[in-house]
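Protein chains in written order, with our numbering: chain A, 1 to 233; chain F, 1 to 462.
Read the hints as simulated data drawn from the structure, not as lab findings.
Each computed DSS-like pair below joins lysine-lysine, with the alpha-carbon atoms no more than 27 angstroms apart:
(1) F:K4 <-> A:K123
(2) A:K167 <-> F:K4
(3) F:K362 <-> F:K449
Being a predicted model, the structure only gives us computed values, none of them experimental.
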Amino acid sequence: MSNNNNKTVITTKGVTKVYNPKTIPVHALDGVDLEIKAGEFTAIVGPSGSGKTTLLNAIGGLDRPTEGSIEIAGVDIATLSDGKMIEFRRNNIGFVFQAYNLIPVLTAKENVEFVMLLQGKKKAAMDSRTKELLESVGLGDKMNNRPAQLSGGQQQRVAVARALASKPQFVLADEPTANLDSKSTANLLDIMARLNKEENITFIFSTHDQRVIDRARRVVTLVDGKVFSDEYK
Amino acid sequence: MLIKIAWRNIWRSRTRSLVVIGAIIIGVWAVLFLVGFSTGMVNSIIVSSIENELSHIQIHNPHFLKDKEAKYYLKDIDQLVATVEQNPAVVQAGTRTLISGMLISARGVDGVQIRGVDPKAEASLTQLDKKIVQLQDSISDKRQKSQYFTDKKQRLPSILVSKNMAERLKIKVRHKLRLRFRNIDGKDVEMGFKVVGIYQTGNGPLDKVTVFVEQKTLNANFFSDAVDPNNQAHEIAILVKDIDDVDTTRSLLNMQMPEQCLVDPTTLLADTVQQGDSMLIIPPKTISKKDSLLPHPFIAKAETFREISPSINLHESQMEVSTNIIIFIVMLALIFGIINTMLMAVLERLRELGMLMAVGMKRRQVFGMIVLETLYLGMIATPIGVFLGWITILYFGTFGVDLSSYSSGVQQFGMGEIIYPELEFNTYIQVAISVFFTAVLAALYPAYKAIRLRPVEAIRQL
Numbered sequence: 001m002s003n004n005n006n007k008t009v010i011t012t013k014g015v016t017k018v019y020n021p022k023t024i025p026v027h028a029l030d031g032v033d034l035e036i037k038a039g040e041f042t043a044i045v046g047p048s049g050s051g052k053t054t055l056l057n058a059i060g061g062l063d064r065p066t067e068g069s070i071e072i073a074g075v076d077i078a079t080l081s082d083g084k085m086i087e088f089r090r091n092n093i094g095f096v097f098q099a100y101n102l103i104p105v106l107t108a109k110e111n112v113e114f115v116m117l118l119q120g121k122k123k124a125a126m127d128s129r130t131k132e133l134l135e136s137v138g139l140g141d142k143m144n145n146r147p148a149q150l151s152g153g154q155q156q157r158v159a160v161a162r163a164l165a166s167k168p169q170f171v172l173a174d175e176p177t178a179n180l181d182s183k184s185t186a187n188l189l190d191i192m193a194r195l196n197k198e199e200n201i202t203f204i205f206s207t208h209d210q211r212v213i214d215r216a217r218r219v220v221t222l223v224d225g226k227v228f229s230d231e232y233k
Numbered sequence: 001m002l003i004k005i006a007w008r009n010i011w012r013s014r015t016r017s018l019v020v021i022g023a024i025i026i027g028v029w030a031v032l033f034l035v036g037f038s039t040g041m042v043n044s045i046i047v048s049s050i051e052n053e054l055s056h057i058q059i060h061n062p063h064f065l066k067d068k069e070a071k072y073y074l075k076d077i078d079q080l081v082a083t084v085e086q087n088p089a090v091v092q093a094g095t096r097t098l099i100s101g102m103l104i105s106a107r108g109v110d111g112v113q114i115r116g117v118d119p120k121a122e123a124s125l126t127q128l129d130k131k132i133v134q135l136q137d138s139i140s141d142k143r144q145k146s147q148y149f150t151d152k153k154q155r156l157p158s159i160l161v162s163k164n165m166a167e168r169l170k171i172k173v174r175h176k177l178r179l180r181f182r183n184i185d186g187k188d189v190e191m192g193f194k195v196v197g198i199y200q201t202g203n204g205p206l207d208k209v210t211v212f213v214e215q216k217t218l219n220a221n222f223f224s225d226a227v228d229p230n231n232q233a234h235e236i237a238i239l240v241k242d243i244d245d246v247d248t249t250r251s252l253l254n255m256q257m258p259e260q261c262l263v264d265p266t267t268l269l270a271d272t273v274q275q276g277d278s279m280l281i282i283p284p285k286t287i288s289k290k291d292s293l294l295p296h297p298f299i300a301k302a303e304t305f306r307e308i309s310p311s312i313n314l315h316e317s318q319m320e321v322s323t324n325i326i327i328f329i330v331m332l333a334l335i336f337g338i339i340n341t342m343l344m345a346v347l348e349r350l351r352e353l354g355m356l357m358a359v360g361m362k363r364r365q366v367f368g369m370i371v372l373e374t375l376y377l378g379m380i381a382t383p384i385g386v387f388l389g390w391i392t393i394l395y396f397g398t399f400g401v402d403l404s405s406y407s408s409g410v411q412q413f414g415m416g417e418i419i420y421p422e423l424e425f426n427t428y429i430q431v432a433i434s435v436f437f438t439a440v441l442a443a444l445y446p447a448y449k450a451i452r453l454r455p456v457e458a459i460r461q462l
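For reference, chain A alone in the conformation it holds in the complex (with noise of 0.2 angstroms):
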C-alpha cells in the first residue's frame, strides 16, 4: 500500500476518449473512474489496445479525454491551457517512455540537466542533483555518454534520472521496460522502487510487463477501456 499519506492525488472520473468520432469511432477509453493516492506504485495492465497508454497519456496532460474530468494535485487539468499544461508537466510530472526518448546531441548528464534548465534551476543546484540521481541510477561514470555510447537499459535509466531531475509529484512511464532484458529490467525496477520510497515520488507504469507487474503494489486492469480490476497486493 501507499508509503506516507494516503492522500489521493489523481482523481479520474468517467474519462472517455473517443478517436475518429466523426467516422469510425474508436472507444479508447469508455468512462474510466480511478483515484491514484500519493506514493503508489501501480501498474496499468491490459491487452494491446485495451486503453493503457491513452490513459497514462491522458494523466500527463498530453491528450485532452472527450468526456470526463482528470483532477491532479486538486488541479483539473481540463482547465488549463496548452502552456500552463507544459508548465505543468514540468513542473510535477515526469515521463519515462518506451523508447526511452533521450535527446540525442545531449550527453547523459545534459540529458538531465535538461528539465531543470526550463524550470530556471541554478547551476549549482542542478550539478548536485544531477550527479545525486545519475550515481542513484548507477551511471555516475557516465554522465559524459551520449545516448548512443550508451545500452538500452542505461537509457532508460537516464530517462528515469530525467524523469525524476525536476523533483516531480509522478512520474509516468509507458512500457519502460518493454525494449530492455531481464537484468536492465530488474535493476531498472529496483531504482524505480527505491526512489518512490526514498523520494515518496507516485509512479504509474502503464505494463505487459510481469516482471513489472510483479512488483507493482496495485495493479489496475484495463479491458476495452474500462476498468476491469483494481488490486493492492
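Take the given structure of chain A and dock chain F to it, following the hints.
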C-alpha cells in the same frame, strides 16, 4: 542549453547541413558577384562614354544641346578655352566641330556625324590615336605625334572612319570618299577625303555614325565666311582631375563663362534676348518677374556627362532593376532550399520534438530552437560566401572579365569588352544582412510546423 542543442542538432546530419551551407555560400557569392559585375558594367558604360565621346564636362551653345543644329555654335572659342583652362580642376580641354552630313562612298551613302577634331587634344581627351586599328603606312610613324591627318604628299584632306562603317560600306584605307553637309550660310558643301585610317572605340552607337576629320579643314569649309574660322567650334570637351568634382566644376565653369553669362537671368531685358542666336550680348537691366521666365540666355553652357547623356542614368536604373530581380530569384531559391532542408530536419525529429514538449519545453522555445538552427547555418555560410565574393571581385576587379567573345553585344551597350567588377563595402554588409533575414524567413515555416505538433501524436510516430 537551447543554443547548445541547436548547434549540435545541425551537425546531426552533417552532409545535409553542409549542403545547405554550400547553397547559402553559393547564393551569397552569386549575389555579390552579380551586383559587382553589374556595377562594373555600368561603370564600363560610363567610362566608355567619358573616354570615347563625352569627357567629363562639355560646353555648348545651349540651343545646340536641344536641336543639334550646326548653326548653334560657340564663338570666340579661344577665349572660352582660356577661361576653362584657368579652372584648377580641369586637366584637359579640347574643341570639336560637329556637323551632320552624308558620307558618299563608291559602295553607298550613309548619314554621319562629322567630327572636326584636333588630334593632339583628342589624344588626351579620348585617346583617339590609340583607337586607330589601321593606319595608312605612309603616316604610321605620325601616330605617336598625333599628326595622322597631316600628309604633305596628299592632295585630299584626311578622314578616319570606324571599323563598323568600313565593313558596312566596304571602305578601306586609301579609299577616297566624299562628305556632303550644309555650311553655316546654308549652302551645300561637298568635300573629297582620303581614308587614312580606321578606328574602333568599342562604343557601338558612336562608331556606327562618326567620322573624324581635322578641325581646321572642317572649320575652313563650314565657317567659310568667318574672319577667323578656327576661333569657332560646337563643343569644348573637358576632363577634370577627379570625377567626384564634376558637378562642382560644372557649376564653377558656368559662373566663369564670359561676362554676359554672369548676368542673373532675372535682371535681363526680354527684348534683348535673341532666340536661336549663337552669341547673345545682353546688358544687365531689371526686368519684370514674367520676363524672367524666358529661356536661360547663356551663350555657353557647361554640362556634365550625365546631363548630356541621360541614357547613362537609364542604363544604371535598368541594370539596378534587372540585378534586383535576379537577387530576388536567388534569394527565393535560397528560401526554398532552406525550407526544404529544415522541414526535413523537423519531420524526421517529430518524436523528439514531441518529447521535448512533453517534458516541459514550451512551444516558443521549440520555435526558437528551429529558427536558431537555421540561423547557425546562415551564420556559418554567410561570412564564407562574403569572403569568396570579396576574393572573386578583388581578382576580377584587377584582371577583368573578358567579354570580347560577345563584343558586338557589349558594344551595342557602349560598354568596354573587359568588365571590372567592383563593390562598395556597404553592399557586402547589405547582402549579408539580407541573407540573414532570408534565413530567418525560411526558418519560420518549419518552426511553425514544429510547434503545431501535438506531443502525444509526435511521440506516437515511429
